[in-house]
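2 protein chains.
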Amino acid sequence: MFENASRTEVSLLGEFGLIDHIAKSFTNKQASTIKGIGDDAAVIDKDEENVTLISTDLLVEGVHFDLHYMPLKHLGYKAVTVNLSDIYAMNGIPQQITVSLAFSNRFSLEAIEELYAGIKRACDFYGIDLVGGDTSTSHSGLMLSVTAIGTCKKDQVTYRSGAKEHDLICVTGDLGAAYLGLQLLEREKKIFLETPGAQPDLEGFDYILERQLKPEARKDMIQFLHDNKLKPTAMMDISDGLSSELHHIAKQSNVGITIYEDKLPIDPIVYNNAQELGLESTTCALNGGEDYELLFTIPQSLFELVKNTEGISIIGHCTAAGTGINMVSKAGTQYDLPAQGWKAV
Amino acid sequence: MFENASRTEVSLLGEFGLIDHIAKSFTNKQASTIKGIGDDAAVIDKDEENVTLISTDLLVEGVHFDLHYMPLKHLGYKAVTVNLSDIYAMNGIPQQITVSLAFSNRFSLEAIEELYAGIKRACDFYGIDLVGGDTSTSHSGLMLSVTAIGTCKKDQVTYRSGAKEHDLICVTGDLGAAYLGLQLLEREKKIFLETPGAQPDLEGFDYILERQLKPEARKDMIQFLHDNKLKPTAMMDISDGLSSELHHIAKQSNVGITIYEDKLPIDPIVYNNAQELGLESTTCALNGGEDYELLFTIPQSLFELVKNTEGISIIGHCTAAGTGINMVSKAGTQYDLPAQGWKAV
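Protein chains in written order, with my numbering: chain R, -7 to 337; chain L, -7 to 337.
Okay, chain R solo, but in the shape it has when bound (with noise of 0.2 Å):
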């Protein structure tokens, strides 16, 4: 069956190639569907006012998590918040999940437990229902598919294609610790075993080992949103690192988009962390990933309530369509921004 004689390698695509190459085929029939494949979650009618936002995730061993050095506890967590993020992201509240399960013999009722117990942290932390999901045998491996269910008023969603020219381009938090906190756990793990019974040393690194150990969800952000009636143009959350989600709103937007390298979120830990560990803060803030904060755009006029705004940074703003992904450099030079693999010059 895999011997026929044509065959393309699905890696010659990218995930958001296939992606893309599968919705081609599909269209959508019911009348509930309002937005199907091609945002942070889908949208379905509920009733009168409001929408039913569904998300997805998959998290598989050795590709998305690796238990050398993540606590099952922490996993449970972490595959929650992931799902509840791109329920936030839409401008909406997640109130339940499903949690599917396929693990080895390797695994014991005991970690399974604390695999649970772990999203049942997440679960009352951020007040959802675990309703269902599913448990199987796996012959290598843990692997993890969460789903999250939630409900926003119709008139709030928030999707990637919102964004209009001159709005301006915010991000909630700081940006790369969570990709620092896996480099430095990637180093230990690397000395370990070359050198068994070598302890690792961590100290000084709580903060990126948090972000990529015990991420959350902007629950919060979503809540001063509310609050302050302050609706975004496009939302998504940061999810595969900043570049390539602005990439994802300018093409969904029909927009430009230039960034400040000035003004990206980078917290002081993070830029001497970074450093410690011979990396690039400004890499890892731009294509780092998991962080999990929200990236969205809002008009002009909304500046003055945003611009003093604590845990919102202005990063830039939307330019024509067809004027290219751009960040200014620090030193004042404009270069172009691909999804991935800029570097700094």
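It is worth saying that the hints were derived from the structure and are not from the lab.
All figures in this text were calculated on a predicted structure; none of them were measured in a lab.
It is possible that part of the hints are untrue.
Copies of the same chain are indistinguishable here, so a pair counts whether it falls within one copy or spans any two.
Capping the alpha-carbon separation at 30 Å, the derived lysine-lysine pairs in DSSO-like fashion look like this [claimed, not checked]: (1) 206 x 16; (2) 223 x 206; (3) 27 x 145; (4) 27 x 146.
The hints should help you fit chain L onto chain R, whose structure is shown.
Frame of chain R, contents of chain L only:
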């Protein structure tokens, strides 16, 4: 992490034991959660008249399917129908699905396209939309996670828990074929592996092969129930085998159950095929699983309406709580019917 002093094997609990064990530590907090873990689908409040139904299933290569004989297009089709079956089993109508996929680089783009062609065919046949999902690489094999989203009138939802003493037990279609199809495919696989180049001998087995490789969800039967304003007191789909499902109904409805061997809907083709394969058709019908027929209970007052309906068999009735799950054999002897492992005597 896996070498703790106390280690309990998950297999001691079994799948249902594990789900019960985990579910105990979770309590629902959201007012919109009507029914969480424990039925074919979760039930979430939608509007004044309707609920949203959510069901999810995991399919793992080497556990749930074998690509030696399962064409990828059929696998895609089946992954969808088994999830839709859970929504129908709540007396609901599925409208959307999400599909998440993890696959190794053994799978070409053409292979993934085949899989999605099957998914699309099921979406088209059942009139549902693919609205989202996730894709990931895996280190070994293929894994699918499908979530189905449906809707149902509030007063029409059928749980496993509503059966009453004296209710009649009904089954749609016929049982045992899917399991026989699997046994045949396993036999031919073995022959093929022992004698490369051997051609499979599948003549006369079309029906059981189709039931295994391309099962359908009983949308037509739900339509029949709706058209006849016939609301079952309890319902679920038969995915793990009739005996196992009868135990779920009995436990959750707090009733006993008696069924009659000579009432089991076994197609003459299935009876003959079972003999040819050296298997007992009653055992296949009771424990085989994967038939995706509907098991439901109705009040005796509806006997006249149902008794001559093609495609519905009345196989027994509910008895007083605590009287167990029993089968009266063709010879008139009554036997205990365990959830699995019943043997013809």
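We went through each hint and held it up to the structure:
1. When the C-alpha separation of residue 206 and residue 16 is checked against a cutoff of 30 Å, the pair qualifies only between copies, where the shortest distance is 25 Å, while the shortest distance within a copy is 36 Å.
2. When the C-alpha separation of residue 223 and residue 206 is checked against a cutoff of 30 Å, the pair qualifies only within one copy, where the shortest distance is 28 Å, while the shortest distance between copies is 47 Å.
3. Taking identical chains as interchangeable, the C-alpha atoms of residue 27 and residue 145 lie at most 30 Å apart whether they share a chain (14 Å) or sit on different chains (23 Å).
4. Both within a single protomer and between protomers do residue 27 and residue 146 lie at most 30 Å apart by alpha-carbon distance, with minima of 12 Å and 25 Å respectively.
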